[in-house]
Each structure stands twice: as C-alpha cells, then as structure tokens.
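J.: These are the residues of each chain, in order.
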Amino acid sequence: MTKNTILLALLIRLLIIPFFYHPDIKSTLFHTQYLQFGVGDIYSFVEQNKSQLPYNNIFVYLPFTYFFLGFINILLSPLYPSAFSSWITDWGFFQNNNPNLPFILLILKLPYLIFDFGTGWLIYRLTQNKRYLNFWLFNPISLYLIYIQGNFDIIPTFFTLACLYFLSVKKDYLGYLSLGIGIALKIYPILFLPFILLKYSPSLKKIIISTIITFIPLILSLIPYIFQANFYSSFIGSGLTQKLLENKLFNIPVFPLLYLIILFIFYLSKTKNLDRQLLLLFFIFVSTVNFHPQWLIWFLPFIIPYFYSKSKYLLVFVFVFSLLYVFLINDNFLFWAHLTPVDWEFTRATSPYNLILLKTPLHPDVLRSVAKTLISLFCLFFLFYEKKSTSNHR
Amino acid sequence: MKKSLLLIIVELIYFISIFLLLPSIVIRNRFSNYHLTSTKIIPITPANPIKFSFIPLHDQLNSLSFELKNPNLINHDRYFVQIYNNHQQLIHEVMFYGSNIGDPNRLDLKFPPLTVDLSVPLTVIIRTNSLDPNQISIFVDEDNTPIYYSTFRPGNFVNSLTYVINQQKNHLLSFPRFHLIIYLAIIFTLNIIIIKSFFKDHV
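From first to last, the protein sequence lines stand for chains Z and V. The opening residue of the first sequence carries number 1 in my numbering; numbering runs sequentially from there. The opening residue of the second sequence carries number 1 in my numbering; numbering runs sequentially from there.
Same shape as in the complex, but just chain Z (with noise of 0.2 Å):
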C-alpha cells in the first residue's frame, strides 16, 4: 500500500462524500442520537413519545446497533456544524434544502472511511495481493454502496472480514467474537456462520463452541430487551427475514432452499473453497432477493478475487444489472436525489422509473424483472465458464 494510493483513494472519498445523500443515514442517527440524551431502551421511548416526535418510525436495528451508533455519534457531536440539531429535528417540505447538509454528511461518514480502510487492509493482509486492495480502494461500486447509499453496513462487513482474519491467522475466539459484533450490528453475517463454522472450526465440540463465542455479543445485548414487547414489534418489521422469504416457488422460500443446498454441497466438499462458495451465495442472493443497494457491500470483500478471473465481465455485467434493478425502483432517493446536498430540487426530478413510464411504451416494474432475470443469467454463464476455464486448465 503506498502512501500515495492511500491518498489518492482518500481524496476520490473526501470529494463524494459531502455531496451524496440518502435519508437512512438521517433516520438512523435521528433515533441513536438518543442515546447521548441517556435513553437506553430507544424502542420504548419512541413507542412512547410517538406523537410528539418529529420522526415518529419505529427504530428497526438491533439493541447493539443503537448503542455502537450512538457511542459514534457522541464521539462525532463536537464537529457537528451548529445547526445540526435543526437539521436532525426537521422533517419538513424543506428538510433538504439546509446549506450544512454537505458538511453534516461529512462529520457523518468518517467512520465510514476508518471502516472502508480497516476492510481495505483486511483484504490485503487475507490475500496479500496489491491488485485486490487496489480494487477495493478504487472500483466505482463500493463507493457507490458506502458513500452514496450512506448505510452503515461497511461496519458489519469489516467484522466479518475481520472474523476470516483472525481465523487465518490461528484467533479462532476473537474471529468468532469479530462475527459476534457484526451479528449484533445487523443480523446478516448469520448467513456466512455455517460456512465458517464448516471451513475452520471441522468438530463437533469446536462448532458447539465458536457458535456460543459468536452469539455472546447478540445475547448480551438483547438480554435487557427479552421481555420487552416494543422490541419485537420493531425488530420484526426489519426489512431481511421478509425479504429472504418473499420470493416462493410452490410456496417454498426460493432462497432458504438454496442456501440449504449450497452448504449441504460445502458439507460434503472435501477443499471447503470459503471463497467459491460465497460466491454462490452471492449469486443466489442477487437472483432470488429483492435486496436493498447497501446490502451488496456484505459480499464484495469476498468476490474481489473473481474480478481477476477469465469470465470477470460476467461479474460486471451481473453487478451492472445489480445497479440498473436498484435504479428501476420507484423511489428518488435511490438516483437523483442522492445528489441533494449540491441542489435540494434534485428531489423533485424526474427519477428514471418515472421516466420510463412517461415516455416509453414500457413499465418500468417489467423492465426490473428483466434485469432481475439477467442477474440471473449472468451468475450461471459465469459458473459455467469459470467451470470451463478451470477443466481446461487442468
């Protein structure tokens, strides 16, 4: 890593950031911020005080998450430009239109430029290859899920990372620990624990183990909330155990079953290639889930080395169809309107959904399907070749 590329990849960043933006990254610290005003059990209090809040949505996060998030916003609060606290408590028709939003943003994702290095230095001490650091630092799509969409699931991703880090280098309790924190942050590294618990920890009585190490963090955290039912009617409406059963086939959830089949195949390998086999996961995610942008960035770290490979315009052309099923959704906030802190009328353009349903005879909804049907492609011609290629090379 020279000191140069360090650099350069800190400026690209330090230009995006104050002038993208997604609401989440507001509505996320509107409720953590409570945090420094001694408001432990944030589902109760919002519960409580629903009618006199100027954001009156539930908290979706987990125990931890609020705690994290809020111990990062006391520490960021003393270079919050003055009118934050106007900024955080408005809602408004105006809400976008404030001339510090550039400079809250700023405040706001530095952790995220800790999170996005520390992952970057990850990367390269897993797999000890300048070009994969190199990508990870320049390449448009992580910069686009972690500075434009402005989610906090860089944190999460890093702990996971972190876990594979510490189990390479014989850290077995503080990798599972790593995946613990990442757990309690936002539950998906659940989906990587039975393959890493398969990959390194092969005994019963070593799975029993790093499974306990792994949920302390979870537990912990949710003791004090056990009985609490505002917890679980806020929890329950998160967006990723719906959307990982939406789609069925014969009433069956598509991607469960999926999941099942691929890490029954890990089981059964005798190599137990982690990387390949969250590749697949990968690819089985982006085909059978409505996901949300930001959660693209929990499988990125893992596939980088597959952008070096024969078929990786096929990996491209899956994350540009990623992209462009993102950008057929029906929402501003998701294209024009990031770019609200340079001009607060973005909000109000014309978003390419609307587009396409003024001007073409198509729908746009149809036009997603088809994308989503070309992520799907795309991930089995991409098998398919890197199956050839590596027969051949045999």
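Treat the hints as calculated values from the structure; they're not laboratory data. It is possible that some hints are incorrect.
To be verified - If you only want the chain V side, here are some residues facing chain Z, beta carbon under 10 Å, derived: (1) L5; (2) Y14; (3) F15; (4) Y34.
Virtual Cβ for every residue (Gly too), placed ideally from N, Cα, C.
We have chain Z; now place chain V onto it with these hints.
T.: Chain V only, in chain Z's frame:
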C-alpha cells in the same frame, strides 16, 4: 506533470458537472410560490369552489400542486383548476378526475409554461359540478388558502444554467464558513501532496 494536470482537470469536471451541469439538465421544473401550512380539510363543492391568489415569483409557470383527499377513493367526477390574471381573464384551465386522487395524496398538475406578469396576482379557482356526496376535499389553512406550490420552467439550457449559477452562488455563500474552509484546506492539501509525489515519481 501530465498526471497532476489530469487530476486537476478531472476534479474540475467533477465539480462543474455536479454543481452546474447536472442540475441544469436534470431539474427541468424549479420551485416557485408555495403555501404549506394547513389546519383543516374542506370539501370542494359546486357551491364552495376553492379560491386563492398569489403573485408569481417567476415567469413560465408550469405546474400547481395540491394536497387532496378522496375518502375511500369513491369519487370519480370531474374537477377544474382555473388560472385567471388580474383582469379576470382565464389564462389556463386544467381538468382532473376524482379517480386521480388518493386518500390522501398530492396532485401535481402540469401544463405548458405560462407567461405571467411578475407584479400582479394570479387567481386560482378549483371548482366542480359534482353532486356526489363523497366530495374530494382539500387541505387548507384558517383562511381557506390551500396547501399548494407552483413550479416554473427556466427555459432552454442557457437560461437553466444561468439560474443554476445564481442559485449555487447563494448556496455556496450560505455554507457554514468554518467547515467549508476546513474541507477546502483538506482537499487542497491532499492535492498538493499527491501532485508533489507525482513530480517525485517523474524525476
């Protein structure tokens, strides 16, 4: 030398694109007059048309938006929005159906840009002949002025760019000074360090 020049050119293109070109091209309709407070909802009936006036802030008025409510989505009748100048001449009329209205939703009525006088008020009347007991209602304040906003079209690309340049000038001047200076200083320093090391590599 080439690399450092390229870096500066790319950064300039980036800033010009996001601050000037994209807003000029993408945002076709600009926000103009508005009234956004409401305290009650009243039905629009043949006997009680909604009437309000405003002095347009910009020429080329091209849309009016209202907050309306069609309880249980029952009403499908015709409604008219009429725009009069100060001589009480009808300058534009837009029709919509009850079926265009949700329970509730914002209705954006778009029309070809109207040339309007910026010093005199326009009067807007929302009327209907509908005798359906399930009337469309509108969100209004105590004076029965509805929630509304209007937009205008700046015109061709040059007009739009001129408007954006003026807007961005004001936007930039309202940035918090301290944070702006710190940010620019960091960007400037990073550029200097990177360019210097380009030169070093070159030597």
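J.: Report the numbers of all earlier hints that the structure fails to satisfy, in ascending order.
T.: 1
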